[in-house]
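S.K.: Based on the provided sequences and hints, a complete structural model is requested.
One letter stands for each residue in the lines below.
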Amino acid sequence: MSHPSTGAPAAAETASAPESFFRRALRQKRFVFGLTGTVLVVLFAIVAPFLSPYGEKETAGPPYAKDGLFGTDYIGQDVLSRVMHGGQEVLVISVLATLVGMVVGILIGVVAAYAGGWWDEIIMRLNDVLLAFPQILLSLVVLTALRNPSDWVIILLVAAGHAPRVARVARGVALGIVSRDFVVAAEALGEKRSRVIVAEVLPNMTGPLLAEAGLRLTYSIGIVAALGFLGFAADPGAANWGQMMNENRLGLQTQPWAVLAPVLVIAIFTIATNLMADGLAQASQKGD
Amino acid sequence: MTTTTSGTGHEVRKTGGLVIEDLGVSLTGTGVDVVDDIDLVLRPGEVVGLVGESGSGKTTVGTSLLNYSRAGAHISSGKVLLEDRDVLELPWKEVRKLRGEEIAYVPQDPASALNPSIRIGKQLVELHQLRGIGTAQSRMQAARDGLAEVGLPTDDEFLGRYAHQLSGGQVQRVALAMAFLPKPKVLVLDEPTTGLDVTTQKMVLDTMAELCRAHGVSALYVTHDLAVVANIADRVAVMYAGQIAELGPRDAIFANPSHPYTRALLDSIPHLSQARALKGIPGRTPSPGRRPEGCRFNDRCAFAVDRCREEVPALRTIAPEHEVRCHRAGEIGTWDINIGTVPDADPDRPRDVILSVEGLDVFYGRKHVVHDVSFDLAKGEVVALVGESGSGKTTISRSIGGLHKDWTGTLTFEGRQLATSARKRSAEDRRRMQYIFQNPYLSLNPRLTIAQIIRRPMELFGLAKGKDANDRVVDLMGQVALGPQMLHYQASRLSGGERQRVAIARALAAEPDVMICDEITSALDVSVQGSIVELLEGLRIERGISMLFVTHNLALVRSIAARVQILQAGRVVEAGSVVTVMDTPQEDYTRKLLGNSPRID
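Protein sequences appear in the order of chains Y and L. Using UniProt numbering, you'd call the opening residue of the first sequence number 1 and step up by one each time. Using UniProt numbering, you'd call the opening residue of the second sequence number 1 and step up by one each time.
Worth flagging that the hints you see were computed from the coordinates, not collected in a lab. Watch out, some of these pointers could steer you wrong.
Claimed, not checked - Quick list of in silico lysine-lysine cross-link-like pairs, BS3-like style, CA-CA up to 27 Å:
#1 L:379 to L:279
#2 L:465 to L:424
#3 L:79 to L:93
#4 L:122 to Y:192
#5 L:465 to Y:192
#6 L:405 to Y:192
#7 L:467 to L:379
#8 L:97 to L:122
#9 Y:192 to L:467
#10 L:367 to L:405
Said to hold, decoys possible - Some, not all, of what chain Y presents toward chain L, calculated at C-beta under 7 Å:
#11 56
#12 188
#13 203
#14 204
All residues carry an ideal CB built from backbone N, CA and C; glycine is no exception.
M.R.: Laid out in structure tokens, this is it:
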């Protein structure tokens, strides 16, 4: 995930540190659970399309029938096959959107905290203006204007929604670190400002930022699924966990599995990633 | 039993004191002893000093008297007898009542002991209110009396203040007043003057000692500083690695210290009246579970023989009331305070000025904090900046180091004028002047390894890289007495003294000509301070490094510096060579500082 590098000068020295950090994390039960869950869902999304009994857009029977494990959906496609095909896009889009949003947000927040004074004021007030937009509204406005949005547009829109929120958190965390003596010491040595941020400030922010990343990933999946639900997916006919909820909601009473199956996978994935982020955050805290 | 007699002006009580028998505290789970075999008597009206380095278990003993142990440890054996009642056996409800009422505790950090959102007056009144003592008026009167006893104002304005509106010394005296208000029989003080400057420390100590004697309160004063104990304690117990190493009347401990550890502690303390070559104690206090066989001090002891490694020594009585836990007590000769004395730095030595400050004025926003300060620093010389907190000594050093840029005046380094902020100076100037911070817990990045921290200045200034840099790191670590096994430790795993050594090594890595040391020993144990000063003195002689040494400890100045600037409220009040200023002070302020500093003579 978005674990910043320690910016260490020699490769030989860095080799031991991340490994021991990972090992410390493995001693956290919640991390192990989270990691297992995340890996399982990701593996499922990657491997499942090759094993599915029916094709992605193949009709398997009458609509809302009980055929197969989870029955069929509103136009008679096999729900299990749709779930197996529908994961990749959602996962890739939400993970990328989270990463982009985190990186941009952390940059804004840390630079604001480190620069201080007027820069801080200007950056954060502009940030507040962005915060005033409801996250999904921004996406909807742009997506409505575009005729054929590609996946990248969705990724950038979701990331743009995250960035100002991440920036707030990152600035708060960084404020407590930039005033510490080791940052002043680096400045007195004349380190470049960029290096002070990357090597001195960022490594000390991993804990809270990892927790934030877990939260943001959950939101990403929610927003991507919601966009699919509202009909703004790149390919309207393709299987997509979010879109499946939208397509099948009218038959919720006759064929609940068509909605429940994608909801369950999303739930497992978000819980697992949050557990993992929590575990990582705790492990990194114990290093202090 | 308590009998109360009417004395002159205040109550004088006769209490039975407190008896500690065979006290032991172990870690829950492993059962490893944190402290064991503690026997100690606190007589009424007596102050007993409990002295030891960090990790010796002194705070553990202190809190055990209140039947409290920190999480992860429990009191595993022994008795704490208060008037024939065993505090450790009392039911929980009675222990709660006993705490504060009969045995009071004054914590190390006064600021965290007071509730920041309750006014001082209300906190004092609450003590009686919670116990249902007296009426509203009598409680208020008691609160005022309590404040008067510790020398604080008693008017409504003061009672209405919050803790953050008081100075550090005032907060500590309020904490003392709170401890004395319920008229306890025993008082446990856990380093209550750490972080206070000498004047406030003296005031707090005097107040405490006077109250204890007047009210017949027995006090246990926990500290790492023997110099403080020399001024207030009747008896002294020296602790090492969870046991009492030496116990005796104050005068016996200071005139005839018989345990090698007590001697080593005394060797690390600077004196006001003479310059001493300070010595640290090699190694570090072993943690519970890692204590050596036989005598626990054997691995750091200069007198250790085979018997010390095999046989556990018992506390032996060598003189009336004077007990020592050492096989060789009596064999190792006598200790003389004058052994470590060295001549004062020669005031008439020719000086080759490397750094000079002229007409320095420093501002924080609109506030003018330092006024027209001028002094200079010669090659291979140590100049001390001394003053109480708020005198501007750190502000001056930060301005010279380029960490604070809001100043005017002339700063000349080898004839060249330096810019206000470090960033505006040339890389060469930055390299040649290094700054060492007060708190080693804040000045090292906890996420980097020791090797990364020390080699960074070499890479930054292009002094060495690759394998060459690695060799130099190992070399530097040797110079500051750190083993190469620590190379890949993260800074967070080191003790305070070790961290400060890393900070010094980082400064040395830049091969500086001037080092600015900002109170670099004030966060450390006295024994560690001794070894850091020893290290700096060696560096000064070997490498000819000049140092600007900021401190509030005048005794330390005598041991390390050649010249001194006494600061008060941002102005230099007296300056000159250390010998002249300290032996024949001209200003009242200097005399006051000297008078308030704890001394061992």
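S.K.: For each hint, tell me whether it holds in the structure or not.
M.R.: Right, here's what the structure says about each hint:
| no. | hint | verdict |
| --- | --- | --- |
| 1 | L:379 to L:279 | 24 Å, holds |
| 2 | L:465 to L:424 | 25 Å, holds |
| 3 | L:79 to L:93 | 18 Å, holds |
| 4 | L:122 to Y:192 | 52 Å, violated |
| 5 | L:465 to Y:192 | 18 Å, holds |
| 6 | L:405 to Y:192 | 18 Å, holds |
| 7 | L:467 to L:379 | 32 Å, violated |
| 8 | L:97 to L:122 | 20 Å, holds |
| 9 | Y:192 to L:467 | 24 Å, holds |
| 10 | L:367 to L:405 | 14 Å, holds |
| 11 | 56 | 46 Å, violated |
| 12 | 188 | 5 Å, holds |
| 13 | 203 | 4 Å, holds |
| 14 | 204 | 6 Å, holds |
The structure does not agree with the numbered hints 4, 7 and 11 stated previously, though it agrees with the rest.
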